[in-house]
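Visitor: Whenever a hint applies, use it, and build me the whole structure from the sequences.
2 protein chains.
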Amino acid sequence: MARYSPSVQNLISKLGSLPGIGGKSAQRLAFSILSMSQEEADALTGAINEARKLTKRCSICQNFTDSDPCPICTDAKRDTSTVCVVESPRDVSAFERMHEYNGLYHVLHGVYNPVGNMNMNDITLTELFARLTDHPEIKEVIVATNQTAEGNATALYISRLLSATGIKVTRLASGLPMGSDIEFADDLTLASALKGRKSVGS
Amino acid sequence: MARYSPSVQNLISKLGSLPGIGGKSAQRLAFSILSMSQEEADALTGAINEARKLTKRCSICQNFTDSDPCPICTDAKRDTSTVCVVESPRDVSAFERMHEYNGLYHVLHGVYNPVGNMNMNDITLTELFARLTDHPEIKEVIVATNQTAEGNATALYISRLLSATGIKVTRLASGLPMGSDIEFADDLTLASALKGRKSVGS
Chain A
-13 MARYSPSVQN LISKLGSLPG IGGKSAQRLA FSILSMSQEE ADALTGAINE
37 ARKLTKRCSI CQNFTDSDPC PICTDAKRDT STVCVVESPR DVSAFERMHE
87 YNGLYHVLHG VYNPVGNMNM NDITLTELFA RLTDHPEIKE VIVATNQTAE
137 GNATALYISR LLSATGIKVT RLASGLPMGS DIEFADDLTL ASALKGRKSV
187 GS
Chain B
-13 MARYSPSVQN LISKLGSLPG IGGKSAQRLA FSILSMSQEE ADALTGAINE
37 ARKLTKRCSI CQNFTDSDPC PICTDAKRDT STVCVVESPR DVSAFERMHE
87 YNGLYHVLHG VYNPVGNMNM NDITLTELFA RLTDHPEIKE VIVATNQTAE
137 GNATALYISR LLSATGIKVT RLASGLPMGS DIEFADDLTL ASALKGRKSV
187 GS
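Note that the protein sequences, when read in sequence, are chains A and B.
Okay, so the first sequence: first residue is -13 according to the numbering used here, each after it adds one.
Okay, so the second sequence: first residue is -13 according to the numbering used here, each after it adds one.
Because the hints were derived from the structure by calculation, they are not lab data.
Among these hints, one or two may not hold up.
Identical chains share a label here; the pair holds if one copy fits it or two copies do between them.
Each computed BS3-like pair below joins lysine-lysine, with the alpha-carbon atoms no more than 30 Å apart [what the hints assert, rightly or not]:
1) 42 to 63
2) 154 to 184
3) 125 to 181
4) 10 to 184
5) 63 to 10
6) 10 to 42
7) 10 to 125
8) 125 to 63
Guide: In structure tokens:
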């Protein structure tokens, strides 16, 4: 291994433990941070501390926010009968970017993943069920967890627990991405698109 | 754009200004940092501050180090007649990993790049020339800047300034990477390999 001093090695390892940052990227980031002016470095650590200090979870939807309840939950123009359940705040951002959804959200901050030391109590399911009980105006829960084994397991779990409540539980359609070629589709996606086929014109 | 609070937006933009971190990665990192425990966040900002506090430039080779002079410059087993000039501390690490070079280093902390607001005074050329004057035992300077226009310009500049000193200035060979296919080589690399061809067996 390279001859880095312990403090540099520690910085590289801390950066390398962030998601999507491999060994080479961590080294590159570390040396970039070491080469910064003191003002730039203070701005970076300041931004981390400031964002963490100001950011809390919205008491209603559990999304990150600096005002509680968050701007989406307090927006009188939103459709309060629909709640879209997502894994992460970034998913809320993806939905908002689309400008096609006007309901509310519920951020789970994870999925059901017993292998990854994540279980039902680590995600905000308790808060979701309490919210549904307190807000009888909610008629539909759209489970928009990722199309992974864990995402599907979470969706199934939610739909089972809500089966007696009369709340409609839906899941985002799976199938071929728009603009994609069938010849390059993976088997699971193609099978899912076939299973979910629709009448033309419907 | 997504509805992030100003402090989160600021964190995303600070992270996005780091090298190799695009918009999506910056968002992912920011939410990962927001989801950390306080201990993990403190360890990250602590590692940044600690590495910056303890790390200085070696007064001889300008590499980052926590002891001045650095372990390489003080290593009695190294060949002090050869200095390898590199752009960044990561290049030193690449050479050391190879275990084939036993000389010393000089880290420029950049290359000659007038377009990128980097000029000769921003890199450690003054320190290099002072070092060569103070240490007449240095007989060869290997210019191991990257094979880019800026790297080549820097190498040419160094070789011109040292032309009267009697110090041998060499440049790493350019050519086809080991294991590569000629059909996939780019024109510049192939031309450089042709120009630098060698007698078989030499």
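Visitor: Check residue 10 against residue 42 for me: Cα-Cα at most 30 Å, and say if that holds within a copy, between copies, both or neither.
Guide: Between copies only: 22 Å across chains, 33 Å inside a chain, cut-off 30 Å.
Visitor: Is it within, between, both or neither when you check residue 63 against residue 10 at 30 Å Cα-Cα?
Guide: between (47 Å within a copy, 29 Å between copies)
Visitor: Between copies, within a copy, both or neither: which fits residue 42 and residue 63 at Cα up to 30 Å?
Guide: For residue 42 and residue 63, the Cα distance is within 30 Å only inside one copy (23 Å; across copies 56 Å).
Visitor: Within a copy, between copies, both or neither: where do residue 10 and residue 184 come within 30 Å Cα-Cα?
Guide: Neither way: residue 10 and residue 184 sit 47 Å apart in one copy and 34 Å across, limit 30 Å.
Visitor: Within, between, both or neither: how does the pair residue 154, residue 184 come out at a Cα-Cα threshold of 30 Å?
Guide: Answer is within: at 21 Å inside a copy they meet the 30 Å cutoff, but 75 Å across does not.
Visitor: Indicate which option fits the pair residue 125, residue 63 if close means a Cα-Cα distance not exceeding 30 Å: within, between, both or neither.
Guide: Within one copy, since 17 Å is at most 30 Å while 76 Å is not.
Visitor: Check residue 125 against residue 181 for me: Cα-Cα at most 30 Å, and say if that holds within a copy, between copies, both or neither.
Guide: Only inside one copy: residue 125 and residue 181 sit 27 Å apart there, 74 Å across copies, limit 30 Å.
Visitor: Go through the copies and call it for residue 10 and residue 125: within, between, both or neither, with a Cα cutoff of 30 Å.
Guide: Neither. Shortest intra-copy (49 Å) and inter-copy (33 Å) distances fail the 30 Å Cα cut-off.
In this structure, the hints that do not hold are numbers 4, 7, in rising order.
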